[in-house]
Amino acid sequence: MSRVGIVSWGAYIPRYRIRTEDIAATWGDDPQRIVDMYLVYEKSVEGYDEDAITIAVEAARRALRRGKVDPKRIGAVYSGTESKPYAVKPISSILVDALGLTNNAFAVDMEFACKAASDGIIAIAGLVESGRIEYGLAIGTDTSQGEPGEHLDYSASSGGVAYIVGRDGVAAEFEAVYTFNSDTPDFWRREGSPYPMHGEGFTGEPAYFRHVVGAAKGLMEKYGYKVSDFAYAIFHQPNGRFPMRAAATLGFPADKVKPGIVVTHIGNTYNASALMGLARVLEMAKPGDRILLVTFGSGAGSNAFALKVTDVIEERQRADVPKVGEMLDDKIYIDYATYLKNRKMVKLFE
Amino acid sequence: MEHESVPLYWRNIPAYYRLVARRCKRCGEVYFPPVLKCPRCGSNELEDVELPQEGELVEFTVLRSVPTDFLKQKPVILGLVKLGPAKVLGQIVDAAPEKLKEGQRVEVAFRRVVVDGKYGLVMYGYKFRPRP
Ligand SMILES: [Zn+2]
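Order-wise, the sequence lines are chains Z and Y.
Residues in the first sequence are numbered consecutively from 0, following numbering that gives the first Met the number 0.
Residues in the second sequence are numbered consecutively from 0, following numbering that gives the first Met the number 0.
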């Protein structure tokens, strides 16, 4: 029997984009300095009638279409997000009906900042391995918040990605997984607060690098991988600089990291960040390629995965489903006022 | 504008989320929105069928004067879309009216349709967008 792994995937990036220079112009920042600091040139913005739920549905429908998987065979749907449209009311139950799953599919919303969707993948892989379900759907979806004029305004963006995990028709097997978590006060949002806060000085070293590098190193040591074993390395992407630096610390050359970098043109899609990078890499990977994937969530923790691409990848790549590469180019630029409107950051009664 | 009630929205979820139509088992006619009795042959034996996710924009109009639920989305493009055996009326999103053409391919999008104020229910459903 073959290993459990990714059977199919689907990604969705809203078409609207705002340029970093337009945000900088509004707030009196030097655009060149901001671009140099974050390496984010533009970011994706949801339409006025989009939210984390609509984005999840779009990504999941594409995953079902790519793998030609009958929705009735999906035994679980786990959604990872930190931008739930409802404080109380699950995303996952809406997905059950929007995707036409059976009423007996396990349905759960997961929360661990940007890491939750990858925890969904791990949980679903366990359900498949135990034989309890045939296929499961793990979704990362966000319309992430940032206070206007504050640093996150330059990166917090919107997008979603869905992975179907199973044992039949696997395009990328899970070889190994490793996790690294600790109580780190780098980033939080209290109930009722519209925007997150971040702990001064915690974002880089004690949060992102300690956990991302810790999980990747742990995975490689425990399972005996070398850098040369991997064709691609994909990291959580809060900006364009952090993943490159994490890669350099681990000894990965830039050319193994760059294919999975999407933050430069869509910003940080939070739960869809590293997983969007993976979707892009799966669009170009070849059978036999091994991929390192490291997600990160503030608070803080990382999951590191080793994936091995199979022959099935070629059939999945041929499917008539929009590619991440195509969505990066398919865009409508909006100004800062429209951005505030689409994100409901002007006071409205709706 | 008076919103659709929560119970009515709930009953319509299969139609709103997945475009579940009704096909007459006797004469084969497909109805969307779904009907209980076939208006063509009078049969009340109908079955559920899901309409395809892609179709053709038959015609469209641009509304600049819109119901209150859509005031923040002006202009609203309303299109008639041929989805397999049925024609469905719906909002066209992510499109500039001057670039839309009758006969072009569109696909189903899943969007917020009505938001009942700051604390009420968010009602989701189908809209259409140009096929990328
Ligand atoms: Zn009939």
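Because the hints were derived from the structure by calculation, they are not lab data.
The reader is advised that the hints may include incorrect statements.
Label-pair distances were calculated between CB atoms; the ranges are [unchecked claim]:
{"no.": "1", "chain 1": "Z", "residue 1": "Gly287", "chain 2": "Y", "residue 2": "Leu62", "range": "51 to 57 Å"}
{"no.": "2", "chain 1": "Z", "residue 1": "Asp329", "chain 2": "Y", "residue 2": "Pro51", "range": "51 to 57 Å"}
{"no.": "3", "chain 1": "Y", "residue 1": "Thr60", "chain 2": "Z", "residue 2": "Tyr85", "range": "48 to 54 Å"}
{"no.": "4", "chain 1": "Y", "residue 1": "Pro84", "chain 2": "Z", "residue 2": "Asp310", "range": "36 to 42 Å"}
To give an idea of the interface, some chain Y residues facing chain Z are shown, with a C-beta separation under 10 Å as derived from the structure [said to hold, decoys possible]:
{"no.": "5", "residue": "Ser4"}
{"no.": "6", "residue": "Arg17"}
{"no.": "7", "residue": "Leu45"}
{"no.": "8", "residue": "Val48"}
{"no.": "9", "residue": "Glu49"}
{"no.": "10", "residue": "Gln90"}
{"no.": "11", "residue": "Asp93"}
{"no.": "12", "residue": "Phe109"}
{"no.": "13", "residue": "Arg110"}
{"no.": "14", "residue": "Val112"}
{"no.": "15", "residue": "Lys117"}
{"no.": "16", "residue": "Arg128"}
{"no.": "17", "residue": "Pro131"}
All values derive from a computational prediction rather than experimental measurement.
Backbone N, C-alpha and C fix where the C-beta goes; we use that ideal spot for every residue, glycine too.
Taking the hints in turn, this is what the structure says about them:
{"no.": "1", "hint": "Z/Gly287 - Y/Leu62: 51 to 57 Å", "result": "54 Å, holds"}
{"no.": "2", "hint": "Z/Asp329 - Y/Pro51: 51 to 57 Å", "result": "22 Å, violated"}
{"no.": "3", "hint": "Y/Thr60 - Z/Tyr85: 48 to 54 Å", "result": "34 Å, violated"}
{"no.": "4", "hint": "Y/Pro84 - Z/Asp310: 36 to 42 Å", "result": "38 Å, holds"}
{"no.": "5", "hint": "Ser4", "result": "17 Å, violated"}
{"no.": "6", "hint": "Arg17", "result": "6 Å, holds"}
{"no.": "7", "hint": "Leu45", "result": "19 Å, violated"}
{"no.": "8", "hint": "Val48", "result": "12 Å, violated"}
{"no.": "9", "hint": "Glu49", "result": "7 Å, holds"}
{"no.": "10", "hint": "Gln90", "result": "8 Å, holds"}
{"no.": "11", "hint": "Asp93", "result": "5 Å, holds"}
{"no.": "12", "hint": "Phe109", "result": "4 Å, holds"}
{"no.": "13", "hint": "Arg110", "result": "4 Å, holds"}
{"no.": "14", "hint": "Val112", "result": "7 Å, holds"}
{"no.": "15", "hint": "Lys117", "result": "7 Å, holds"}
{"no.": "16", "hint": "Arg128", "result": "8 Å, holds"}
{"no.": "17", "hint": "Pro131", "result": "5 Å, holds"}
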